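Work the whole structure out from these sequences, hints included.
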Amino acid sequence: MSSVAVGEPAERAPGRKRRGGREVFLPFLLLLPAVGLMLALYAYPFISSIYRSFLVKGQGALTLSNYVKVSELYLRDIFFSLEIAFLSTAVAAVLSILMATYLRLGSGRVVRLIGSVYRLPIFIPFVVVAQMMTTFLAPHGLLNVSLAQIGLVNLDTPPDLLNWKGLTFAFVWKQWAFMTLIVLSGFEMIDNTYIEAARSFGAKLHQVILRILVPMSRASLSVALILAFTSTVGTFTLPYMLIGGKTPTTLTVDIAHRVTYFGDYGVANALGTIAYILVVFTAVYYLRYTVRREVYEQ
Amino acid sequence: MPSLSLRNLNKRFGKAVAVENLDLEIHDGEIMTMLGPSGCGKTTTLRCIAGLLRPDSGEIYLGDKRITDTSPEKRGVGLVFQNYALWPHMTVHQNLAFGLQLRKVPKEKAARRIDEALAMVRLSGFEERYPRQLSGGQQQRVALARALVIEPSLLLLDEPLSNLDAQLREEMRFEIRELQKKLGITSVYVTHDQAEALVLSDRIAILHEGRLVQVGTPEEIYNQPGNRFVAGFIGLTSFVEGRVASVDDAGAYATVRTEDNLEIQAAASGLQPGQKVTLAIRPEHIEIGEQEPVPSVAGTNLFQGQVLRGAYLGDIIDYRIGVGNWVLRANTPTDRMLQPGQQVWLSFAPDRVTWIPA
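Protein sequences appear in the order of chains A and B. Numbering-wise (our numbering), the first sequence opens with residue 1 and increments by one. Numbering-wise (our numbering), the second sequence opens with residue 1 and increments by one.
Honestly, I wouldn't trust all of these hints.
What the hints assert, rightly or not - Within a straight-line C-alpha distance of at most 27 Å, the following computed DSS-like cross-link-like pairs (lysine-lysine) qualify:
no., chain 1, residue 1, chain 2, residue 2
1, B, Lys109, A, Lys204
2, B, Lys182, B, Lys109
3, A, Lys165, A, Lys246
4, B, Lys181, A, Lys204
5, B, Lys74, B, Lys181
6, B, Lys182, A, Lys204
7, B, Lys107, B, Lys15
8, B, Lys15, B, Lys65
9, B, Lys109, B, Lys74
10, B, Lys182, B, Lys74
11, B, Lys65, B, Lys104
12, B, Lys276, A, Lys204
13, A, Lys246, A, Lys69
14, A, Lys204, B, Lys104
To be verified - Covered stretches of chain A (chain B as the covering partner; in silico rule of three or more C-beta atoms under 8 Å from a C-beta of chain B):
no., stretch
15, 210-224
16, 237-249
17, 264-271
Calculated from the structure, these hints are not laboratory results. Since the structure is predicted, the reported quantities are computational estimates derived from the model, not experimental observations. C-beta: ideal position from N, C-alpha, C; glycine also.
The structure is reproduced here in structure tokens:
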């Protein structure tokens, strides 16, 4: 004789078992350590720094005075950081597209050799790059001396490269290889027939790049641009060692300056929050793009 | 439309020979199929014609114009790929417009030509769709329209139907053939599918290990294979080896005797007594009887054999029948079931026996 317990469904789909409490909670338990770590090491400091950017030493209430100070003292530096990040990312992107095209479409020993050595800058830390560039770009550094040899520079009045020019050059040098790696991975995923089809219809190299390779690897290119841009905005060592406290300088140098010389964490946090905002736009774009891409793929 | 001429074409990849001394003439308005197994050099040849590969030596002429060193974009060739190669980030309209934009065709004229090309492949109204929104067959038709919209002087098709299901593939064979004839465009079609080649082609070029082994109409290739490879590659064939024992006075028929003393009558054209030959017999040319025909038909080859095994193929049953030391393949309708071990009588006309030099 069978009976149906009160509150239980009279019929259940065949093969479906009721999930016990343990089964329901187990996935959450398994996720807990990772989520906990993320909350403790990332979310808490992030939210805390934003919160503290609205606090001023000795005052309990939330205030915008740190941001007022930022706008008075560091507005030029915010734009300078943005300009350097945009310029170096754009130049590195163009160079990486050209390099990736050469490696994707070329063949032979030279291509193989370049293909194996171009990645080297990826493994050189920013601090080493900064040290190299300080020597290379100094008034009587290797670059100016070399240019003087061919009569392009007068060493009595050497051009000053330890400013936005040198910083852009250094960022491009460092980011180019990394961006090439990502862009090339996108190019490699494009079947040869797409390129051959374009060529058979009369496309020249620049048309193959602009109309086939780049649009077909938009995802890789976006990742490369976003990672390079955010990394440039957040890099401290390179601008600190290359241009230091000169005006204008980057946000990261300003943050270090504010903390080291004034112990002013409120303004430093406000500068940090602004840096977050600068990069959050790229993250939003990336997320929107990937969501759209997922829909597009369906 | 110009003709295409390949003269002594050679292409190697390292030590591997892909194409060797290939001479081939494709006539004006003709559709020529290059047929062969994987690695026979057919796609390499097609890519050389398209300019995507440079031959090591040899010449390619389109009409009177030597195009061996001409870059792909200047050859005026329409190319259809096996995987369609429709650019996924472009709509159907944009895919078709690409070649026209590069040729600087005015916008209005381009739009008209795109409409005509899509109508030709029965895809009007699909202009704004992306390739992912089309079925395999529709994508293939867009690829065809894209190749045709630039009004190429030569159409190259690289196994364009191999990614389609069997039914669609069969429909598309006829569509491509019809379209090619309607436009009268000189075309080269590459495939490893013999049925496709037989249906589509004005002529077929059989390639094997980089070499051209036979060129002819589908009927010639099927009924008069030039060598054992062609006979075995196109359709099913049974081979019997022997030596010409005699040729009749008129020189019309020869008797070929095998090592186990089977005597087979074959059409003699050109055979000499004592000559070693391979006989090729198609299964559909062999009649199977369960009893000895009485009276036997004069001049017909008649042998007793034993059914070894049968394979049900839906429309026919394909039997392997042992005759002496040889195994012959023969077909029956599916309502005639024979049992393994059963004794049967095989008969076939001498005219249906093709000989190939051994």
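(message) Could you work out which of the previously given hints the structure breaks and list their numbers from low to high?
(response) 4, 6, 7, 8, 12, 16, 17
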